Amino acid sequence: MHLNSSDIVIFLLSIGIVLFFARGLGELFKRFKQPIIIGEIIAGIVLGPTILGALFPEYYNYLFTDSEVASTAFDGITVLGLSMLLLVLGLEIDLRLALSQGKAASLVSLFGILFPFTIGFLFAYLFPDYFGIADEKMRFIFALFIGVALSITALPVVAKTLMDLNLFKTEIGLLIITSAMFNDLIGWLIFSIILGTIGQQSHDLGMGFIISMLFLFIFFTLFIGRKIINYFIPYLEKFTTYPGGILNFIFILGFLCAAFTEYIGVHAIFGAFIIGIAIGDSAHLKEQTREIIHQFVTNIFAPIFFVSIGLKVNFITNFDFLLVIIFVSLAFIGKVIGCGLGAHWGGKSTDDSLIIAFGMNSHGAIEIILGTIALQAGLIHERVFVGLVLMALVTTISSAPLMSIFVKRKEMSLLKKVPNV
Amino acid sequence: MIYTKIGLAITFSPNGLALLKTTLRYQKLFNAGLCLIHVGKKNDISVSKMNELLKEAGIKEDSYELIWKEGDPAKTIISAAEERKVDLLIAGALEKESLVQYYIGSVARKLVREAHCSVLILTHPTSDTKPFEKICVSVDYSESGEKTIKKAYQLALLEKAKELTLIRELKIPALAITVSDSGSSKETEKKREQWLDEEEKKLDSYVEELNLKEIKVNTVSLYGKQGYEANNYVSEHKGDLLVLPSPKRKMKFFDRIFQHDIEFILEEIPCALLINREYPKE
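So the sequences go chain by chain: A and B. Using my numbering, read the first sequence as starting at 1 and increasing by one per residue. Using my numbering, read the second sequence as starting at 1 and increasing by one per residue.
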């Protein structure tokens with residue numbers, strides 16, 4: 001099987017059209033002060049079976065389904081995009097910050113995971129039919145997945161929101177960022193075990209083998225590999241062309257580790273994420289290098305992935321209003337109460353606790369990635385996937401406005417306390 | 001008086017004499033007491049070696065106390081220094097250790113991590129004992145940080161140093177990620193410059209408040225990991241003493257694995273290093 005001329009035309013045409021719609025709708029959403037990713041997902045819904053496929057099936061089929069080779073190539077690009085997305089997410093996880101936090105941040109991190117995870121797990125385990133469980137035998141794993149899905153916080157959205165609300169360089173900003181990092185770290189670790197369990201069935205590898213290889217990989221990369229990388233980066237920056245040398249080094253390591261984790265039965269993205277953490281931890285890695293990688297990944301590869309979500313799933317036929325309401329409610333209850341209580345117990349005022357709670361309640365791109373992989377692995381149905389995507393969109397859109405209500409309230413109460421001169 | 005009692009971890013290493021001479025200079029400069037701590041067996045050979053060393057350094061007989069102890073070097077030095085109420089320990093160290101040695105911890109690095117008093121680490125002690133000319137201090141706006149700056153200032157005056165540079169480092173975690181999604185590099189860069197500008201102004205007014213008038217004081221704000229950037233700055237600008245306030249707690253193995261600010265400096269010590277710890281008052 002190889003790409004003939006017409007396959008190449010279809011492949012390139014589809015990539016071009018996907019990027020065009022992603023950028024167009026992304027910019028439109030930016031005008032309304034919304035994250036570009038929302039535009040990109042809607043671009044997928046527009047180009048996918050939901051709209052284009054329903055109105056002009058011949059065009060949809062021509063672009064995305066007729067040529068099997070072109071669709072495989074397209075899938076390859078999305079895998080590449082996904083791995084890169086997790087690599088750049090890992091780059092921003094500051095391990096020391098995430099692991100040695102102050103009292104308030106530790107409580108927010110802990111309850112921000114424990115509370116949503118527990119309610120998600122219990123609901124899914126006790127009422128699996130509401131969530132449309134794909135395979136009854138996987139009830140426990142399914143419940144674990146829903147728990148993780150509800151406890152994840154999207155670091156990129158959080159960072160951007162803090163920037164927009166001018167909270168980045170504040171105590172609350174730092175607390176939210178460190179808690180979000182911790183959340184992501186723990187969330188992906190649990191998810192990797194879930195993936196390992198699924199991988200055991202599809203790869204025919206022993207569970208003991210997968211888990212021991214997984215922990216060996218994590219240990220080696222985060223403890224030894226991290227130091228070796230840190231040692232080599234200054235030499236790379238000195239002896240290779242900047243930024244080409246260092247960019248290649250990062251992506252080479254990223255893809256190799258991604259291949260390794262896929263091989264041992266855990267999804268490729270997990271390897272990319274862990275090696276991302278190891279690379280990003282290096283003090284030698286320039287801020288400019290990080291930004292170049294972010295630009296490169298989020299403007300070219302990420303849009304292709306986010307659009308591809310809508311290309312595969314019909315968002316109308318799989319829309320289940322009750323399920324969306326359940327997901328959105330559980331997301332709000334879990335994160336807002338969990339993080340809010342954590343902040344409150346950590347000694348924060350009510351307004352600060354609420355700013356932190358709503359700040360942490362944005363599931364964004366990370367949720368969508370998690371959902372996509374669970375869908376591909378056959379752990380969830382399309383109905384659940386659509387519910388998760390919509391929950392991610394609702395929490396992402398609502399996070400900044402809800403936070404700003406309490407930021408303003410805090411500012412007002414501070415103003416009132418200042419005596420008139 | 002900056003420090004009242006100096007302790008020297010005295011050894012028969014090639015740098016031993018230079019270290020002793022430097023210590024004697026500081027003893028005179030600070031008008032302080034001196035306690036020489038040697039960890040090792042006391043026998044005829046070592047005693048004669050010690051006498052030779054002391055004689056060569058030209059030390060006055062009644063100006064010091066010599067302690068011989070056996071045991072784990074770092075622990076013994078620390079406990080002896082604590083017993084004798086030493087408030088400045090001096091030791092020699094290599095600029096860089098092998099990766100394994102760094103994790104296990106050399107004697108000098110253990111002193112920095114665990115001592116109860118201030119520690120001065122000299123990487124290139126010389127027998128002609130030149131004074132420090134370019135002194136750099138890391139600023140963290142804490143109470144102990146302020147005392148550290150004042151001590152560095154006093155030291156700079158005593159040493160007749162050419163300049164005193166106050167370094168402030170700033171790092172906003174996950175800032176780079178804001179350029180993804182709808183952010184732009186330009187906006188992020190602008191924000192970073194704005195924050196650095198704010199830090200610079202804050203630092204200038206802080207220096208004004210501290211009233212450090214008798215010497216040329218420079219201020220620098222750097223963006224990057226704490227400890228790492230100060231280290232780079234001192235190396236690039238050929239500073240000869242870096243002064244830091246001591247961390248509030250002892251450094252543990254965890255702090256080497258997930259590097260604490262001070263560990264970036266201990267990994268590759270750029271010049272002489274003074275970790276100032278406020279000696280607990282009785």
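These are calculated hints, taken from the structure and not from any lab test. Don't take each hint at face value.
[Said to hold, decoys possible] To spell it out: a stretch of chain B is covered by chain A in this simulated footprint if at least three of its residues, at any positions, have a beta carbon under 8 Å from a beta carbon of chain A; those stretches are:
1. 170 to 179
2. 219 to 227
[What the hints assert, rightly or not] With a straight-line cut-off of 35 Å between C-alpha atoms, the simulated DSBU-like cross-links for lysine-lysine are:
3. A:Lys410 x B:Lys130
4. A:Lys286 x B:Lys69
5. A:Lys312 x B:Lys55
6. B:Lys75 x A:Lys286
7. A:Lys103 x B:Lys130
8. B:Lys96 x A:Lys169
9. B:Lys55 x A:Lys169
10. B:Lys213 x B:Lys248
11. B:Lys42 x A:Lys227
12. B:Lys130 x B:Lys69
13. B:Lys130 x B:Lys186
14. B:Lys110 x A:Lys238
15. A:Lys33 x B:Lys186
16. B:Lys96 x A:Lys227
17. A:Lys33 x B:Lys250
18. A:Lys227 x B:Lys248
19. B:Lys213 x A:Lys227
20. A:Lys410 x B:Lys69
21. A:Lys103 x A:Lys33
22. B:Lys190 x B:Lys130
23. B:Lys160 x B:Lys191
24. A:Lys30 x B:Lys238
No experiment lies behind these values; they were computed from the predicted model shown. Glycine included, every Cβ here is placed at the ideal spot set by N, Cα and C.
Taking the hints in turn, this is what the structure says about them:
1. 170 to 179: Answer holds; 8 residues pass the 8 Å Cβ test.
2. 219 to 227: holds (count 3)
3. A:Lys410 x B:Lys130: Violated - the C-alpha atoms of Lys130 of chain B and Lys410 of chain A are around 56 Å apart, more than 35 Å.
4. A:Lys286 x B:Lys69: Outside the cut-off at roughly 47 Å; violated.
5. A:Lys312 x B:Lys55: Not OK: Lys312 of chain A and Lys55 of chain B at ~86 Å, beyond 35 Å, violated.
6. B:Lys75 x A:Lys286: 38 Å, violated
7. A:Lys103 x B:Lys130: 46 Å, violated
8. B:Lys96 x A:Lys169: 34 Å, holds
9. B:Lys55 x A:Lys169: 57 Å, violated
10. B:Lys213 x B:Lys248: Holds: Lys213 of chain B and Lys248 of chain B sit about 29 Å apart, inside 35 Å.
11. B:Lys42 x A:Lys227: 41 Å, violated
12. B:Lys130 x B:Lys69: 31 Å, holds
13. B:Lys130 x B:Lys186: It is violated: about 47 Å lies between the C-alpha atoms, which goes past 35 Å.
14. B:Lys110 x A:Lys238: 32 Å, holds
15. A:Lys33 x B:Lys186: Answer holds: Lys33 of chain A to Lys186 of chain B is near 17 Å, not above 35 Å.
16. B:Lys96 x A:Lys227: Holds: Lys96 of chain B and Lys227 of chain A sit about 15 Å apart, inside 35 Å.
17. A:Lys33 x B:Lys250: 47 Å, violated
18. A:Lys227 x B:Lys248: Answer holds: Lys227 of chain A to Lys248 of chain B is near 26 Å, not above 35 Å.
19. B:Lys213 x A:Lys227: 43 Å, violated
20. A:Lys410 x B:Lys69: Measuring from Cα to Cα gives roughly 61 Å; hence the hint is violated.
21. A:Lys103 x A:Lys33: 34 Å, holds
22. B:Lys190 x B:Lys130: Not satisfied, since the Cα-Cα distance of roughly 43 Å exceeds 35 Å.
23. B:Lys160 x B:Lys191: 39 Å, violated
24. A:Lys30 x B:Lys238: 47 Å, violated
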